[in-house]
Amino acid sequence: MSSVLLARWQFGITTVYHFLFVPLTIGLAFLIASMETFYVATQDATYKRMAKFWGKIFLINFAVGVVTGILQEFQFGMNWSDYSRFVGDVFGAPLAIESLAAFFLESTFLGVWMFGWDRLSPRLHLASIWLVAVGTTLSAFWILTANAFMQEPVGYVQRAGHVEMSSFGQLIANPQLWLEFPHVWLGALSTGAFFVAGVSAFGLLQQRSGTVYQRSFAIAIATALVSSLLVAVVGHDQAQHLMQAQPMKMAASEALWETSPDVAPWTLVAAIDSEHHRNTFEIDIPGVLSLLAYNHLHGRVPGIHQLQAAYVRQFGPGNYIPPVRTAFWSFRIMVLAGMLMILFSLYGVWVMMRERLERHRQFLRLMVAAIPLPFIANSMGWIMTEVGRQPWVVFGLLRTADGVSPTVSPAMVWTTLLGFAVLYGVLAVVDIFLLIRVVRGGPEPEEETAASPDLEVAPL
Amino acid sequence: MDLNTLWFLIIALLFTGFFVLEGFDFGVGMLLPWLGRTDDERRLILNTIGPFWDANEVWFISAGASLFAAFPNWYATLFSGFYLALFFLLVALIGRGVAFEFRSKLTSPGWRQVWDWVIFGGSLLPPLLWGVALANMMRGVPIDAQMNYVGTFWDLLSVYALLGGVSVTLLFLLHGALFLTLRTEGAVQARARKVALSIGAWTTAVTFLFVVFSYIETDMFSKLGIDPGTVPLLAGLALFSVQFFIRARRDGWAFAMTSLTIVLSTATVFIDLYPRVMVSSLRPEWSLTVYNASANPYSLQVMTWIALSVLPLVLLYQGWSYWVFRRRIRLSDPHEY
Chain A
1 MSSVLLARWQ FGITTVYHFL FVPLTIGLAF LIASMETFYV ATQDATYKRM
51 AKFWGKIFLI NFAVGVVTGI LQEFQFGMNW SDYSRFVGDV FGAPLAIESL
101 AAFFLESTFL GVWMFGWDRL SPRLHLASIW LVAVGTTLSA FWILTANAFM
151 QEPVGYVQRA GHVEMSSFGQ LIANPQLWLE FPHVWLGALS TGAFFVAGVS
201 AFGLLQQRSG TVYQRSFAIA IATALVSSLL VAVVGHDQAQ HLMQAQPMKM
251 AASEALWETS PDVAPWTLVA AIDSEHHRNT FEIDIPGVLS LLAYNHLHGR
301 VPGIHQLQAA YVRQFGPGNY IPPVRTAFWS FRIMVLAGML MILFSLYGVW
351 VMMRERLERH RQFLRLMVAA IPLPFIANSM GWIMTEVGRQ PWVVFGLLRT
401 ADGVSPTVSP AMVWTTLLGF AVLYGVLAVV DIFLLIRVVR GGPEPEEETA
451 ASPDLEVAPL
Chain B
1 MDLNTLWFLI IALLFTGFFV LEGFDFGVGM LLPWLGRTDD ERRLILNTIG
51 PFWDANEVWF ISAGASLFAA FPNWYATLFS GFYLALFFLL VALIGRGVAF
101 EFRSKLTSPG WRQVWDWVIF GGSLLPPLLW GVALANMMRG VPIDAQMNYV
151 GTFWDLLSVY ALLGGVSVTL LFLLHGALFL TLRTEGAVQA RARKVALSIG
201 AWTTAVTFLF VVFSYIETDM FSKLGIDPGT VPLLAGLALF SVQFFIRARR
251 DGWAFAMTSL TIVLSTATVF IDLYPRVMVS SLRPEWSLTV YNASANPYSL
301 QVMTWIALSV LPLVLLYQGW SYWVFRRRIR LSDPHEY
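For the protein sequence lines, the chains are A and B, in the order given. As numbered in this note's numbering, residues 1 to 460 make up the first sequence, in order. As numbered in this note's numbering, residues 1 to 337 make up the second sequence, in order.
Don't take every hint at face value.
What the hints assert, rightly or not - Across the chosen pairs, the derived CB separations fall in these ranges:
{"hint": "1", "chain 1": "B", "residue 1": "G319", "chain 2": "A", "residue 2": "R313", "range": "57 to 63 Å"}
{"hint": "2", "chain 1": "A", "residue 1": "L268", "chain 2": "B", "residue 2": "S309", "range": "36 to 42 Å"}
{"hint": "3", "chain 1": "B", "residue 1": "W111", "chain 2": "A", "residue 2": "V157", "range": "54 to 60 Å"}
{"hint": "4", "chain 1": "B", "residue 1": "L237", "chain 2": "A", "residue 2": "V426", "range": "45 to 51 Å"}
{"hint": "5", "chain 1": "A", "residue 1": "P323", "chain 2": "B", "residue 2": "W111", "range": "38 to 44 Å"}
Stated by the list, open to error - A short, non-exhaustive set of chain A residues, derived as facing chain B with CB atoms under 8 Å:
{"hint": "6", "residue": "M78"}
{"hint": "7", "residue": "R85"}
{"hint": "8", "residue": "G92"}
{"hint": "9", "residue": "E164"}
{"hint": "10", "residue": "A232"}
{"hint": "11", "residue": "W329"}
{"hint": "12", "residue": "A401"}
{"hint": "13", "residue": "L427"}
Just so you know, these hints were derived from the structure itself, not from any lab. Idealized CB from N, CA, C, for every residue including glycine.
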């Protein structure tokens, strides 16, 4: 394999892995902050036990998120040095702001929160978890500012073989950012919410420490409903914006080889023959692609062939078609997962409003099984958006193949690729093992003195 | 002063913050299996750095990200050039970070022992690698006209560079031991003081040797002259004074002196480098400087506004967090880690 392909695999693996933990911790931070707010407002100790129980799970995942994030910060320089030289004047700034304004905030106040239960007044302690939550959000904002530039470059001038920042205002006013950021942030919230709802459902099935799980489930399912609905709404806006900014990504994720008719049908499933540029089989739903692309029942969507021809005229000879099958299926899996999340949370809220949750054991089991859904949706969303941008690393400006480090040999990339893959695999196993132990142990008993038998829970 | 120089100073400041702060928690990590004889003692040791280590590490992440923003070519050359060294550094930091969090979550002694050794290794390797990296940055590495590092990993491992690694490792070990004398009491504190006493002289000797080597191996002599100037001399004096403060049981002063040594030594490295940021051993004109490696002026301006408004806040609230956890930790305290 070439250095480019290896470097891409490394980036893909480490980033998707990192992004399993990031949305979970963003979502959990807000849920825990809400629980502690209820505690400070009502003085009801159950809320404190909730904050501590979810806090323990949060910390385990936060640790993995943080350490895998260090690599994210440095692998541009390691594997993508030509990319870094090309884009650093613009791309480096949001990354630096992220660490200066967000990472310091998160890490400092997380330490204060974790070790400060007995050292700070309840209000100051509460403020520290809110600052952590704000920090995670700021972090998401700035890293997405950087990513939005790769999708839709703005606020730059091209000079002497690289890009230079010409307007910081334009960089943060990037329309792509203001769709991508809410979409990702709401997705993160729904991830935390489905996680808490699923684990609470598991706890309720085990019939342990009922109130902690009941209240956690209630907060989580309401959050899950609102966030998974809104994430779909913003996702729809994003699709419309894609039509102007990256129509090729839209065409590829629809496996639309030729420009559609005025009432564009949406392909539910298709057998894609990428080699011969055609679909051998498809099931279409009339009008839905126009709806997706323009929010109307009319409107032509340009096809892959037509866009390819236009790009050849604009950028010169080359293949501008991203991997169609990957873009097509990742989009559909994301949408399906998102739809299921909306349905499940809708049903959950309906059940909660009518009667006791514990009676719906089937539904509780379903919610446990639904824990992976947001993780699948998050990963597929990123795969779709990053694969759909190919062959560009910065859309219209730099091809992925031109961004790789010229002096790093394939053997070196193999070494780090395998090294990180093994390390991350071990971390995943340990993380899940620990999570299961903590969940099985359950929240601390009400007296807050005894520790559960199979787990050492030091009084915080 | 132009913005390029200002950003060189900000980068130097971020690295200095990283070495001073993470320096002691690397030291504490290295000492963990040796100074903590019982599980309770080990938890005590871990909890001395518990609330701080993560924020300390952010100084490194910020330094790296600021390199990217202010000097994209420095970032690209350094990280693609020192590729495998950075890989080992990242593996160490990753292992160590999760180990802090995972270690005390289960009671099994075997489980805890494994993570203790991960913390030990993950705290030993980074200072070693940093010392090697800094020595190479001062001496110069093969960088071609396109700003690319054209050597191999093994080219980085000269005797001189390894001496740099040992010197930084000893310095952080001493720094960490002194931090423990300030944050603990009783048996652990006594042991930490003993370690500090026994390695204090070694640290001074090895560091002195490294400085002598630096005069031979790098262009420090031609740049700084026979009298190296106030900053390096003060660094040496501060380090030399540490053992006397330990003997006099002035732990606070001793820790202040290792902190000062680290600040001034880092300053010396950056003074020696300026205006170069990566020295080319092939041809002097291929070296990266604060001018040919930097981002465009507008970008530097934006980043200056942001850094100068955010950094004071960071110092303020991070300082506050140290104040919140200023009390010594006792064995009888509840331990989070």
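Here is how each hint holds up against the structure:
Taking 57 to 63 Å as the suggested C-beta distance range, the pair B:G319 and A:R313 conforms, at roughly 59 Å. Checked against the hint of 36 to 42 Å, the pair A:L268 and B:S309 fails, with Cβ atoms roughly 51 Å apart. Checked against the given bound of 54 to 60 Å, the beta carbons of B:W111 and A:V157, roughly 56 Å apart, stay inside it. Between B:L237 and A:V426, the C-beta spacing of about 46 Å keeps the proposed range 45 to 51 Å intact.
The hinted window of 38 to 44 Å between A:P323 and B:W111 holds, with their beta carbons roughly 43 Å apart. Taken as an interface hint, A:M78 checks out: its beta carbon lies about 5 Å from the nearest beta carbon of chain B, inside 8 Å. Annotation: A:R85 was flagged as interfacial toward chain B, and the flag holds, the nearest CB pair being 5 Å apart, inside 8 Å. At its closest, the beta carbon of A:G92 sits 3 Å from a beta carbon of chain B; the interface hint therefore holds under the 8 Å criterion.
A least Cβ separation of about 4 Å between A:E164 and chain B falls short of the 8 Å threshold, and the interface hint therefore holds. Using the Cβ-Cβ criterion of 8 Å, the hint placing A:A232 at the interface with chain B is not satisfied: the shortest such distance is roughly 33 Å. Hint status for A:W329: violated, given a least beta-carbon distance of 31 Å to chain B, over 8 Å. Hint status for A:A401: violated, given a least beta-carbon distance of 16 Å to chain B, over 8 Å.
At about 6 Å, the closest approach between the beta carbon of A:L427 and any beta carbon in chain B falls short of 8 Å, and the interface hint on this residue holds.
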